[in-house]
Amino acid sequence: MSESTMRVTLKVWRQAGPGQAGRFATYTASDVSPDMSFLEMLDVVNEGLTERGESPIAFDHDCREGICGACGMMINGVAHGPMQATTTCQLHMRSFRDGDTITLEPWRAQAFPVIRDLCVDRGALDRIVQAGGFVSVNTGSARDGNAIPIAKTAADAAMDAAACIGCGACVAACPNGSASLFTGAKIAHLGELPQGQPERGRRALSMVTQMDLEHFGGCTLFGECQVACPKAISIDVIARMNRDYWMATLFEREGVATGGDA
Amino acid sequence: MTAAAKAGASRRGRLATFASSTVGRKIAMAVSGLMMAGFLVIHMTANLLAYAGPEHINAYSRFLHNVPELLWGARIALLAALVVHVTSAILLTRVSATARPVGYDQREAQVATIAARTIRWLSVLLALFIVLHLLHFTTGTLLPGFAEGDPYANLVNAFSTQRWAAAFYLVMMVVVGLHLYHGTWSAIRTLGLSRPRRNPFSRPVATVLAVALWLGFTAVPVGVLLGLVGPRPSATASR
Chain A
1 MSESTMRVTL
11 KVWRQAGPGQ
21 AGRFATYTAS
31 DVSPDMSFLE
41 MLDVVNEGLT
51 ERGESPIAFD
61 HDCREGICGA
71 CGMMINGVAH
81 GPMQATTTCQ
91 LHMRSFRDGD
101 TITLEPWRAQ
111 AFPVIRDLCV
121 DRGALDRIVQ
131 AGGFVSVNTG
141 SARDGNAIPI
151 AKTAADAAMD
161 AAACIGCGAC
171 VAACPNGSAS
181 LFTGAKIAHL
191 GELPQGQPER
201 GRRALSMVTQ
211 MDLEHFGGCT
221 LFGECQVACP
231 KAISIDVIAR
241 MNRDYWMATL
251 FEREGVATGG
261 DA
Chain B
263 MTAAAKAGAS
273 RRGRLATFAS
283 STVGRKIAMA
293 VSGLMMAGFL
303 VIHMTANLLA
313 YAGPEHINAY
323 SRFLHNVPEL
333 LWGARIALLA
343 ALVVHVTSAI
353 LLTRVSATAR
363 PVGYDQREAQ
373 VATIAARTIR
383 WLSVLLALFI
393 VLHLLHFTTG
403 TLLPGFAEGD
413 PYANLVNAFS
423 TQRWAAAFYL
433 VMMVVVGLHL
443 YHGTWSAIRT
453 LGLSRPRRNP
463 FSRPVATVLA
473 VALWLGFTAV
483 PVGVLLGLVG
493 PRPSATASR
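These protein sequence lines map, in sequence, to chains A and B.
Position one of the first sequence corresponds to residue 1 (my numbering), numbered consecutively onward.
Position one of the second sequence corresponds to residue 263 (my numbering), numbered consecutively onward.
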């Protein structure tokens with residue numbers, strides 16, 4: 001039994017609250033099963049900390065099945081850790097070796113202030129969606145699902161973009177701290193569908209404006225976001241966002257809305 | 263109604279928002295960059311006339327100088343493109359610099375190419391190169407024995423007598439190639455002109471352009487150094 005367990009050293013960013021000074025603290029996690037998820041390993045470390053009367057490491061998590069977007073941290077300088085197309089909760093300790101030192105840092109961006117330890121406020125992403133990431137529909141009884149014909153290619157492209165869970169890894173991995181992959185995904189997932197067409201231009205104008213208001217950086221197409229994305233969303237959505245944006249600048253008739261100031 | 267909403271209501275307002283947005287500035291960089299890349303294709307093609315002999319490249323030079331509207335139109339357009347390109351780059355770099363006030367203790371680039379990661383710093387070198395290049399071959403300030411209206415003599419003179427110039431040009435052409443390798447690809451995607459691909463990192467157009475311009479521009483100083491492009495009279499007719 002004991003030969004199959006691992007011992008890892010954690011170097012974790014600890015910060016008591018927003019705007020406070022933080023520092024790295026080192027913890028040892030022993031008796032770690034390779035079959036534990038990364039968050040389960042942190043749960044065990046936190047139990048130990050709680051028993052010793054120390055404050056547990058705060059980290060965001062919710063569904064723990066890779067679909068909610070709550071969890072996410074820089075693990076050894078890589079967003080969501082070493083497994084491609086995988087959220088932190090779906091990462092397992094078998095991806096590490098016995099004796100490894102693992103550095104844990106929160107997402108770093110002006111738009112993502114640290115709340116505590118590894119938790120950041122990703123409200124900026126919500127405000128980008130509020131600004132235009134929706135379709136306006138009159139309420140009433142639901143229409144038949146197949147009433148609007150949608151090409152298979154369009155449905156596939158929309159679904160690929162809609163896989164975005166808003167975890168913020170794209171921002172965290174971007175050397176410029178840009179939210180272009182997130183905003184592009186939200187614009188593409190509605191813009192690919194017929195229901196998204198009436199508000200397409202206004203959506204691009206509003207969401208890009210909000211993205212800039214939130215102090216995200218500009219895109220230089222390094223491509224880091226695409227490999228950090230746990231849903232493997234392609235940087236093609238950024239090209240699409242840019243095209244919608246300049247087309248709307250020239251031809252759109254409606255004004256823009258924003259999701260409020262940052 | 264927020265200020266942003268008011269600004270978005272009219273096309274003029276939207277253009278003002280566009281000019282100050284990160285996406286708008288990037289698009290300005292893309293358009294101005296592609297203009298300059300287009301110029302480089304013409305410039306390189308003209309340079310290769312040196313291999314055809316002095317009469318051809320000098321005839322091209324005379325043609326340009328005989329149509330001042332064309333020459334000065336192109337110069338003004340390129341200067342405007344350069345100003346837009348550099349200004350946008352500086353403004354965007356400043357936004358990016360403030361977008362992550364606290365950096366990572368540990369951060370590994372996963373896929374960013376060398377060309378992409380070095381483009382900001384190497385573009386400072388490119389700006390310096392443009393100034394030196396103009397002082398070298400346009401005004402002749404840095405070229406002893408500069409002959410007005412005889413580009414063939416000037417390039418043979420420069421690359422055969424000023425070894426530093428040949429070395430500097432050869433290095434800078436690698437920098438130009440790297441800049442275009444990332445820049446052209448980035449510009450095409452920034453404008454949304456690319457078709458979705460299975461691997462969006464593939465860049466056939468940018469690769470061909472970057473390699474062709476690097477080889478084409480490198481060919482002239484190398485030709486002089488190897489004696490393939492020699493001093494007049496081109497008695498090397500024995501070739």
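Worth flagging that the hints you see were computed from the coordinates, not collected in a lab.
Wrong hints could be hidden among the right ones.
What the hints assert, rightly or not - One side only, chain B facing chain A, incomplete, derived with CB under 10 Å:
no., residue
1, L340
2, A342
3, E370
4, N419
5, S456
6, R457
Glycine is no exception: its CB is placed at the ideal position from the N, C-alpha and C atoms.
Worksheet item: Hint check: is the beta carbon of B/A342 less than 10 Å from a beta carbon of chain A?
Response: B/A342 check fails; min Cβ-Cβ to chain A is 19 Å, beyond 10 Å.
Item to complete: Mind checking the CB of B/R457 against every CB in chain A and telling me if the closest is under 10 Å?
Response: Holds: closest Cβ of chain A sits about 9 Å from B/R457, inside 10 Å.
Discussion item. Hint B/N419 vs chain A: min CB-CB distance below 10 Å?
Written reply: Since chain A brings no Cβ nearer than about 40 Å to B/N419, farther than 10 Å, the hint is violated.
Item to complete: Against chain A, run the beta carbon of B/S456 and see if the smallest gap drops under 10 Å.
Response: holds, 5 Å
Discussion item. Interface hint check: B/E370, Cβ to nearest Cβ on chain A, cutoff 10 Å. Holds or violated?
Written reply: Holds, because the Cβ-Cβ distance from B/E370 to chain A comes to roughly 4 Å (cut-off 10 Å).
Worksheet item: Is the shortest C-beta separation between B/L340 and chain A less than 10 Å?
Response: Because about 22 Å separates B/L340 from the closest Cβ in chain A, which is outside the 10 Å limit, the hint is violated.
The structure fails hints 1, 2, 4 (numbered hints given earlier, in ascending order).
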